[in-house]
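Trainee: For reference, the chains in residue letters:
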Amino acid sequence: MSTPTGKPRKQIILGAYLGGVNHHTLWHLPESGSQIDFSTFERTARTAERGRFDFFFLAEGLALRERDGQVFDQDIVGRPDTFTVLASIAAVTEHLGLAATINATFNEPYELARQIASLDHLSGGRAAWNVVTSFDAFTGGNFRRGGFLDRSQRYERAAETIEVVRSLWDSWAADDLVIDKEAGVFSRSGAGSFAHTGEQFDVGGWFGVPRSPQGHPVILQAGVSPQGRDFAAASSDAIFSPYGRFDEARDYYQDVKARAAGFGRDPNHLKILPSASFVLGATEAEAQEKARWVREEQVTGRTAQILLEQIWNRDLSAYDPDGPLPDVEPALDAPSFIAGRALTHADRPATVARLRAQAEANGWSLRQTVIEEFTRGSFVGTPTQVADALDDFVQNDGSDGFVIGSHLVPTGLDELVDDVVPLLQERGSLRTEYEGTTLRDNLGLPAPACAGATVEAARA
Amino acid sequence: MTTDGSLTAPQDPAGRGAPIVAVALDGAGWHPAAWREPGARPEALTDAAYWVGLTQLAEAGLVDLVTFEDSFGIPVGPWDDPAADRTDRVRVRLDAELVAARVAPATRHVGLVPVVTVTHTEPFHVAKALATLDHTSQGRAGWQVRASPSGTEARLTGRRDLPEITAEDYAAGRADEQVAELFAEAAAVAETVRALWDSWEDDAEIRDVATRRFIDRDKVHRVDVETRWFSVRGPSITPRPPQGQPVVTALAHATVPYELAARVADVVFVTPQDDAAAASILAEVRAAEARVGRTGEPLRVVADLAVVLDADGRAAAERLARLDAWAGQAERGWVTDARVLAGSAADVADVVEAWTGLGYDGVRVRPAVLPDDLDALVTDVLPELRRRGLARTAYDAGSLRGLLRLPTEVPNRFAAV
Ligand SMILES: Cc1cc2nc3c(=O)[nH]c(=O)nc-3n(C[C@H](O)[C@H](O)[C@H](O)COP(=O)(O)O)c2cc1C
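Heads up: the protein sequence lines correspond to chains A and B, in order. The first sequence begins at 1 in the working numbering and counts up one residue at a time. The second sequence begins at 461 in the working numbering and counts up one residue at a time.
Since the hints were made in silico from the structure, they are not lab data. Any given hint might turn out to be false.
Unchecked claim - Taking CB as the label site, the calculated pair distances span:
| no. | chain 1 | residue 1 | chain 2 | residue 2 | range |
| --- | --- | --- | --- | --- | --- |
| 1 | A | Arg145 | B | Asp772 | 46 to 54 Å |
| 2 | A | Asp419 | B | Ala543 | 55 to 63 Å |
| 3 | A | Ala447 | B | Arg546 | 25 to 33 Å |
| 4 | B | Pro623 | A | Glu329 | 55 to 63 Å |
| 5 | A | Thr437 | B | Asp621 | 41 to 49 Å |
| 6 | B | Arg546 | A | Gly147 | 40 to 48 Å |
| 7 | A | Asp441 | B | Gly499 | 49 to 57 Å |
| 8 | B | Trp689 | A | Ala331 | 30 to 38 Å |
| 9 | A | Val185 | B | Trp689 | 56 to 64 Å |
| 10 | A | Lys181 | B | Asp621 | 54 to 62 Å |
| 11 | B | Arg667 | A | Asp255 | 40 to 48 Å |
| 12 | A | Arg348 | B | Asp541 | 55 to 63 Å |
Here the structure is a predicted model, which means the values were calculated and not measured. Even for Gly, the Cβ is constructed at its ideal location relative to N, Cα and C.
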C-alpha cells in the first residue's frame, strides 16, 4: 500500500513504554496500579502484544534519585531489575520484543553478552538492548569501581563494549553445536573461544551461550550529543530519541540517517523512535481538556521547581511557581543538586537562556514554562485524530515509529490499543499479525552477517 | 492430585514438617556423559520449554525447591581444566538467574534458586536481580551463593588476576589463602545483598495523595557498605522483596565454606560420601555456626546426593556403567564431590531416612540424567518417601521461606524499633 505522495507506506514501529520513575506517571489516581508487582508488567506487555506492538521497553536508573542529598519522594520511586523482569515477561508473551535499557559503564561486556543472549534464547529471539552511558560518580557509588569513567570516555567504552559483546555473540557459529550422541561430540573444537585486547578491555576465554535466535539481539541507543549520534549511527539498529516535535524530530532523523549512510550503512536499517505519550477523548475539545488536566497533574508547582533545579543546579524552592523564572544564574561548578537523573541538559546556560526567552515571549510563569517545555511529544485528540497524527509523523519522516506510554499504569495503554491501533491497521500502517518470529524480523532489520565466516577466519 | 496440590492427607508424625527435598538442575544432568543418553535433550539446553518442563515436573512431585546450576564461565567438571578446548562435554549454559525468572510465571509453588557468582559481579546488580525474581515469582526466590576461584573465569572480565588453582595446589594447601580471601569477599557480598534487600522497609511506599509523597523517605535507607574489596552506598533501586529476605544457600565442602554458610546463609548443601561422613560433617557445620557466633535460626543442613535410578526398564547399575563407559571412566567409576547412589527408589529412601535420622534437614538430589532420573524421582522415589513420612504431601506455604519453615516475618535491620 502506498501513501498519497506515492512513497511506499512505512510500517509504524511501536514500543510500549512502562511509565516509571519520573513525573509523567500519575500514581495518585485511584485507578493507578503497583509499579513493582509482576501483574503490572504482565498486564502492560499483554496489552502491547494485543496491539501488535514491536516491543516492550524498560528504562533504567541505577541509583535512586536524590535532591540535595535526600531521596526523591514525590515521583514514583523504585523499579525492578530489567533483565529479570523481561525474562519473566517472556513467559507470558509470545511475539513481543523485550527491550532492556542497560548501562554500558557499570556492566562488563562478558556479562552483558551472556545475559542478553540468554534472554534471546529464553524468549525465542525477542531480546533488545538499549545502550545508555550514564557514568556519573553518584551512580558509581553503588558499584565496585565508583565513578571511574571520565565523561569524555563514555562512548569509547560503550563502543568497545558493543564490539566485544558482538564478538562473543559471534563466537559460536550456527553449526558449532554438533550434538552427535553416538560419536560423543557435543560441539566443534574452538566453539565459543574469544579474545579481545583494546583500550578499555583485555579479556578472553570461552563463551558458553551458543548462537541465539537473532544472532545479534537488536541494539538501540539513547543519547543526543554529537558523539552519541555518531555512536548510534555507526553501531545501533534503532535510536530511542527525545525529539517529539515534528520539526526537530525531522531534523534529527535526517541528521542521524545521513550519519548512518556516512558509515556505509543502509539508513533504513537504523530506526528512529522518539518517546511519545497520548491523550484520547470522544471529541477534540474533550481530549484537549483532559490533556491540560494531565499536564497540570504531572507538573505540580513543586515538580516544576524540581525540574528546573536540574538545570539551575541549585535550590529553587523559594521561587513562586506562579511567578517568573528564577532570576539567579545556574550554579555551574557546584556539586549536583539533583543526582541520579540522566543528564540531558549538558549546556545549562544555553538551556536557561532558551527558557527565559520562551517565558518572556509568551508571558509564562515558572510552572507554565515547565509545562510547555518539558512535555514530551504528546498526541492529543480523538482516536482518528491521533491515528492520523501518528501516521503522518512517520510517513513524513519525523520518525520510523514511537516508544509510547501512558500517564496511567498499567491500564493506560488499553485505550490506545482498543481505539487507535485498529485505525492504523485499517490504513495499512500497522501489522494485524506478527510477520516474523524474531524482533529483528518484525522490525525489518537484516540478519547479521553469518557468524560462521567470521569464526572460521578467526580460527584459521 | 487434588486441586490444592495435595496428594494425600498430611502425615507429620514429628510435628515439624517433612524433610526438605530439593532438586539440583544442571544441563543434561550431573553425569558428565548424561547428554549422550537416548532420553537426554542436549539440543534443548537453551530452550525455555526445557527448563519450564523440568521445573514443572519437580513441582508435580511437590519438591521444595529447584536449584539452577551456574558458574561464571562455561560448565566445567570438578578439577577439569577450565581452559581446555573439549568437544565431548556440554559446553553451554544460560544465565541461571534468567532461567529461573523465565520459569517463575510458569510455576506456582516450588522455590526457584539460581546459582549466582559473586566474585566478578556487582553486589548491587545481584541484589536487585534476586529481589526482582522474588517479585516475579511472588515470594519463591532463593540464591545459591558461588565464589569463583578460577583464573580462567577471572580472564572473562579481565578485572583481576587470579592464578588457576589445581587439585594438587588445593591438596597441598597452596590455595588456602586465595580461597579464604575469596570466601571472605563472598561473605561480604552476601551481607551487602542482604542489606540492600532491607534498604527499603516493607511500608516505605505510602502513596500519600494529600502530601503527594510516593514514599516515606525515612523508610528508604543507604547501606553505606565499606569493605576492603568494594563499597556500595545504596539504597537498592528495587523495593523490598516479598519474602523480605529471599532464601540464601551455599554449597560447602570444607571448613572455610561452612563458616561462610554459617555467617550468611539459611541453607547449606553439604556432600557426605557415607553415613560416617554425614555425621562428622553435620558436627562440623554446627561447630562452624558456634565459631562465627550465629544466632537465631540454625542453618538448614541439606545433604547432596547424586542419583542414578532404575529407569526406563533398565537397572541403575547398568545405566551407570554405560554412562561411565561413555565418559571414559569405566575403571574409576563416577566420582564426584557428592555421594553417587545407583539404585532403587527404596535405596534412596533408605539414605534419606538414615541422614535425616542423624539430624539432617533434608536432601538435594542431583539427577544423573535429565529428564530420566528426575522422572524416576517423581514417580518412584517421592511416593516412597511420602509413604515413610519423609516428604511433603502438599504445598502448605505461599513462599519459599514458608516451605522451608523459616520465619516468614523477617525483621528489617534498618527499621526503627
Ligand atoms: C530519550 C532518552 C532516554 C534515556 N534513557 C535513559 C535511561 O533510561 N537510563 C539511563 O541511564 N540513561 C538514559 N539516557 C541517557 C543517555 O544514555 C546518555 O547517557 C545521556 O543522554 C548523555 O549522553 P549524550 O551526551 O550523548 O546525550 C537517555 C537519554 C535519552 C536521550
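Trainee: Falls inside 55 to 63 Å, the C-beta gap from aspartate 419 of chain A to alanine 543 of chain B?
Mentor: For alanine 543 of chain B against aspartate 419 of chain A, whose Cβ atoms are near 59 Å apart, the range 55 to 63 Å holds.
Trainee: Take a look at whether the Cβ-Cβ distance between valine 185 of chain A and tryptophan 689 of chain B falls inside 56 to 64 Å.
Mentor: 41 Å Cβ-Cβ, so the 56 to 64 Å window is violated.
Trainee: Just tell me: holds or violated, for the beta carbon distance of threonine 437 of chain A and aspartate 621 of chain B against 41 to 49 Å?
Mentor: With a Cβ separation near 43 Å, threonine 437 of chain A and aspartate 621 of chain B satisfy 41 to 49 Å, so the hint holds.
Trainee: Taking the Cβ atom of proline 623 of chain B and the Cβ atom of glutamate 329 of chain A, is their distance within the range 55 to 63 Å?
Mentor: holds, 56 Å
Trainee: I want to verify a distance hint. Is the separation of the beta carbons of arginine 546 of chain B and glycine 147 of chain A within 40 to 48 Å?
Mentor: holds, 41 Å
Trainee: Taking the Cβ atom of lysine 181 of chain A and the Cβ atom of aspartate 621 of chain B, is their distance within the range 54 to 62 Å?
Mentor: violated, 39 Å
Trainee: Note whether the CB distance of aspartate 441 of chain A and glycine 499 of chain B lies within 49 to 57 Å or breaks it.
Mentor: violated, 33 Å
Trainee: Take the C-beta atom of alanine 447 of chain A and the C-beta atom of arginine 546 of chain B, compute their distance, and say whether it sits inside 25 to 33 Å.
Mentor: holds, 30 Å
Trainee: Determine whether the Cβ-Cβ distance between arginine 667 of chain B and aspartate 255 of chain A falls within the hinted range of 40 to 48 Å.
Mentor: holds, 42 Å
Trainee: Mind checking the hinted window 46 to 54 Å against the Cβ distance between arginine 145 of chain A and aspartate 772 of chain B?
Mentor: Because 52 Å falls inside the window, the suggested range holds.
Trainee: Taking the Cβ atom of tryptophan 689 of chain B and the Cβ atom of alanine 331 of chain A, is their distance within the range 30 to 38 Å?
Mentor: Cβ of tryptophan 689 of chain B to Cβ of alanine 331 of chain A: about 36 Å, so the range 30 to 38 Å holds.
Trainee: Between arginine 348 of chain A and aspartate 541 of chain B, does the beta-carbon spacing fit 55 to 63 Å?
Mentor: Holds - the Cβ-Cβ distance for arginine 348 of chain A and aspartate 541 of chain B, about 56 Å, lies within 55 to 63 Å.
Of the numbered hints given earlier, the model fails hints 7, 9, 10; all others are met.
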